[in-house]
Amino acid sequence: MKLIKIALLCGLIPLGLQSIHVVAEPLNSLRGSVDIDETSEMIPNRRSMAVDGGIEVNYEDQPPLIPHSIDKTRITLHENSCLGCHGKENQKITNAVEPPKSHYRTRKGEKLRKISTGRYFCTQCHVPQAYTEPLVENTFQN
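Using mature numbering (1 follows the signal peptide of the UniProt record, and there is no 0), the letters of the sequence shown correspond one by one to residues -24 to -1, 1 to 118.
In short, the hints are calculated from the structure, not lab data.
Distance windows between CB atoms, simulated:
id, residue 1, residue 2, range
1, 51, 31, 17 to 23 Å
2, 85, 28, 33 to 39 Å
3, 85, 32, 25 to 31 Å
4, 83, 21, 35 to 41 Å
5, 9, 57, 36 to 42 Å
All C-beta atoms in this analysis are idealised placements derived from N, C-alpha and C, irrespective of residue type, glycine included.
Construct all of the structure, not just a fragment, from the sequences and the given hints.
As structure tokens, this is what we get:
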């Protein structure tokens, strides 16, 4: 009899859990009230920040932020205009920050003469800053 009660209880508990409804907060899209299949209003270009000496990072291992405009910067398969100032050849002339040694190594740690192909597209990690109002509330703390 005791075994039947335990088996019955084990069968009813999952059924009871299925009836619990989770109430989620409504999703607020950055598109506002524009439906996904409609075209939303284009965000105007903002003035880029230009900061001498760079921008302070907010957490350990954060890629450095770009302290200047990159509007006319081209990064393609055959050209990376970032390296025109930041590459080993011109860095001493331009006094720009040189990419760290890790950017000149393979995944296995072997040294390279040129920047690693995995690090070639700078804006995958490094982003410019602009004078804007936040799109959503930000509560991030160091």
